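Start from the sequences and build out the full structure, keeping to the hints where you can.
Okay, here's what each chain looks like letter by letter:
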Amino acid sequence: MAARPAQAKKTILVTGAAGSLAKRVIARLHGRYQVIAVDFRQKVETDANIPSYKVDLHKRGFEDIFRNHKIDAVIHIGRFFAHEQDRQRRYNANVLGTKKLLELCRKYFVKQVMIHSTYYVYGASPYNPALLDEDAPLKASEVTQDLVDSVELESLAQIYLWKYPELNITILRPCNVLGPGVRNSMSLLLSRGIAPVLLGFSPMMQFLHVDDMADAIIVAFEQNKPGIYNVAPEDWVAFQEAVTQSGCSKLPIPSIPPVLPKMWSNLLNWNAFFPPYLINYFKYPVIIDGRLFRDTFGWKPRRSLNDIFSYYRKSKLLAA
Amino acid sequence: MAIKDVLRGLAGFSLGESLYRRIVTPEVEAAIEKIPKPVGSFGYDPWGYNENAVKVSLGVTKWLYDHYFRVTANGLENIPANGRLLIIGNHSGQLPMDGVLLGTALATNPHGPRAARAMIERFFPTVPYLGNLLNSIGAVIGDPLNCAKMLESEEVIIVFPEGVRGSGKLYKDRYKLQRFGNGFMHLALTHKTPIIPVGIVGCEETMPAVANIAPLAKMLGVPYVPIAPPFPLPARVHLNFGKPMHFQCNMESEDEVTALVEQVKTEIRRLIALGLEQRKEIY
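As given, the protein sequences belong to chains G and B, one line each in that order. Residue 1 is where the first sequence starts when you use our numbering, and the numbers rise one by one after that. Residue 1001 is where the second sequence starts when you use our numbering, and the numbers rise one by one after that.
Quick caveat, the hints were computed from the structure, so don't treat them as lab data. Here the structure is a predicted model, which is why all the values come from computation and not from measurement. Cβ coordinates follow ideal geometry from the N, Cα and C atoms, glycine included. Worth double-checking, as some hints may not be accurate.
As the list claims (entries may be wrong) - In silico DSBU-like pairs for lysine-lysine, Cα to Cα no more than 35 Å straight-line:
id: 1; chain 1: B; residue 1: Lys1037; chain 2: G; residue 2: Lys314
id: 2; chain 1: G; residue 1: Lys225; chain 2: B; residue 2: Lys1037
id: 3; chain 1: G; residue 1: Lys316; chain 2: G; residue 2: Lys23
id: 4; chain 1: B; residue 1: Lys1280; chain 2: B; residue 2: Lys1243
id: 5; chain 1: B; residue 1: Lys1192; chain 2: G; residue 2: Lys300
id: 6; chain 1: B; residue 1: Lys1037; chain 2: G; residue 2: Lys300
id: 7; chain 1: G; residue 1: Lys300; chain 2: B; residue 2: Lys1055
id: 8; chain 1: G; residue 1: Lys250; chain 2: B; residue 2: Lys1055
id: 9; chain 1: B; residue 1: Lys1192; chain 2: G; residue 2: Lys225
id: 10; chain 1: B; residue 1: Lys1034; chain 2: G; residue 2: Lys139
id: 11; chain 1: B; residue 1: Lys1192; chain 2: G; residue 2: Lys250
id: 12; chain 1: G; residue 1: Lys59; chain 2: G; residue 2: Lys43
id: 13; chain 1: G; residue 1: Lys314; chain 2: G; residue 2: Lys300
id: 14; chain 1: G; residue 1: Lys300; chain 2: B; residue 2: Lys1034
id: 15; chain 1: G; residue 1: Lys139; chain 2: B; residue 2: Lys1280
id: 16; chain 1: G; residue 1: Lys139; chain 2: B; residue 2: Lys1218
id: 17; chain 1: G; residue 1: Lys262; chain 2: G; residue 2: Lys23
id: 18; chain 1: G; residue 1: Lys316; chain 2: G; residue 2: Lys262
id: 19; chain 1: B; residue 1: Lys1055; chain 2: G; residue 2: Lys314
id: 20; chain 1: G; residue 1: Lys250; chain 2: B; residue 2: Lys1037
id: 21; chain 1: B; residue 1: Lys1055; chain 2: G; residue 2: Lys316
id: 22; chain 1: B; residue 1: Lys1218; chain 2: G; residue 2: Lys262
To be verified - These stretches of chain B come out as covered by chain G in the derived footprint (C-beta under 8 Å, 3 or more residues):
id: 23; stretch: 1029 to 1043
id: 24; stretch: 1046 to 1054
id: 25; stretch: 1117 to 1126
id: 26; stretch: 1171 to 1182
Next comes the structure, spelled out in structure tokens:
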């Protein structure tokens, strides 16, 4: 893309601004672009010239932001994690909220949209081959009802991607994103002193540092090559090894029959870090091929697996 | 308390260590070092192959290879030291001992060791421990995407195109090739991969089966339940590797592909006959 004059800064709306990933994305955009921060959880404290709003994407007030600012691009990171809300409200926020957002993008002639999806959409199954390409079927809803919103959010974004090329939609499907401040299930699990593992199952996994993911979002945004991309490093580790490396003690959970670990999770209220609907992801691998993204955008993660795990090790030592 | 833990740790360590040294001999260690196999920062590859697990299992299978099955391998120099490769052989002996021995021969090949990948049945990943164990020593479920990605990253794959038709056949049918699937030839053509044919002699005699209890097999959901010795007998095994075969074809019809498969089959038949000729005693 050609360089733009400094006075005509693009305006970028970033959702999920209270989250650790969006915060990093905003920090990287700040200065070069006019950023607008949006979150449905809280009004985010930001630097002086970043307008910040607390608003639900699927409620009417959201449109006012588009009325009051000339928005050039949207980076949609915000969503409810499955442990944060019940299924109905999560569906409304994640799926209907995204639909509303994409409609507004069309109505107000937004020229670029980035969607932050997840590798969960592929679904964890014993029949998964490794190194799944972007065109592999999305089988997560086969695994559990609780991931339906992830798959539908994706499908919705994909419909807009093919139907309205002028929106320049890029969908990113990252592997597990970890690091300081990250509140997803995997990060919460590795932050614990004692982490549950399934007896006899240690699937291969991929991990990405949240700073590398923020960099990935920025390069994809700046190069603007619409499409669907897996985002993952060229490195792999077995789940139980990751647990050990993060300084957790393992708590082995009987894995068969399959209903047993789900029961434990429900009974002990492990919804935040070992939820019943993610049990299959602790059992079977979902290894994605990140080559397309790496080659298209010339991006490479700068932090190693050991860098990631050492953060969790150190934070445990500090707490002790 | 702390001292006791340290002592216990030390005892466990030294005992484990001496056993480990007996299994993972310097020879095994050196072979693994020479294998051109890229792995991630913790020694894993995307399919779960793990260097440390491979060392131990190769230590065990190398002992079986040398002292139990007393394998004679010819034509190891035909195996390229680098690049994608399909190893195609005859399958026999109820248990996949032939795959294990082939893998050992390849991993300890003095002309350039390779880490061979084997394709396993789809139910294995659902079995606790066993699924991960098989993955860690290089086996993966036989999915076409797995094969494609492995060949594209220059790996070696062992394929028995007879599948359970070969391994489950009875002793009276020994060394009679069963129907070959065409899948391997499609892989070879699509990914421009040379084929090394191998004739395996001896595995038929490790577990001679007189009958198959089909109804029981059906009930258990396994391919076959043979009436056979309860463990593999120590038959001498002869492996004869042929020269690399290169194929090209526009794949306009499946018949063309079948004709190419027939060429490989003919070569394997020749290599089996060679092995039977070399064999002086069965056990």
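Run the distance test for B:Lys1037 versus G:Lys300: straight-line Cα separation, threshold 35 Å. 21 Å, holds
Examine the stretch 1046 to 1054 of chain B: at least three residues should have C-beta closer than 8 Å to a C-beta of chain G. That given contact holds, which follows from 4 residues of the stretch 1046 to 1054 of chain B lying within Cβ reach (below 8 Å) of chain G.
With a cut-off of 35 Å on the C-alpha distance, tell me whether B:Lys1280 and B:Lys1243 pass. 24 Å, holds
Is the straight-line distance between the alpha-carbon of G:Lys314 and that of G:Lys300 35 Å or less? 25 Å, holds
Decide if the proposed pair is consistent with the structure: G:Lys250 and B:Lys1037, CA atoms, cutoff 35 Å inclusive. Holds - the C-alpha atoms of B:Lys1037 and G:Lys250 are around 30 Å apart, at most 35 Å.
Check whether the Cα positions of G:Lys316 and G:Lys262 lie no farther apart than 35 Å. 27 Å, holds
Hint check: B:Lys1192 vs G:Lys300, CA-CA at most 35 Å. Holds or violated? This hinted pair holds, its Cα atoms lying about 29 Å apart.
Do three or more residues of the stretch 1171 to 1182 of chain B come closer than 8 Å to chain G, measuring C-beta to C-beta? violated (count 0)
Take a quick look at whether G:Lys262 and G:Lys23 sit within 35 Å of each other, Cα to Cα. Holds, at roughly 34 Å.
Straight-line Cα separation of G:Lys316 and G:Lys23 no greater than 35 Å? 24 Å, holds
Are the Cα positions of G:Lys139 and B:Lys1218 separated by 35 Å at most? Cα-Cα ~29 Å, so holds.
Straight-line alpha-carbon gap B:Lys1034 to G:Lys139, limit 35 Å: 40 Å, violated
Against the hints set out earlier in the document, violations occur for numbers 10, 11, 15, 26.
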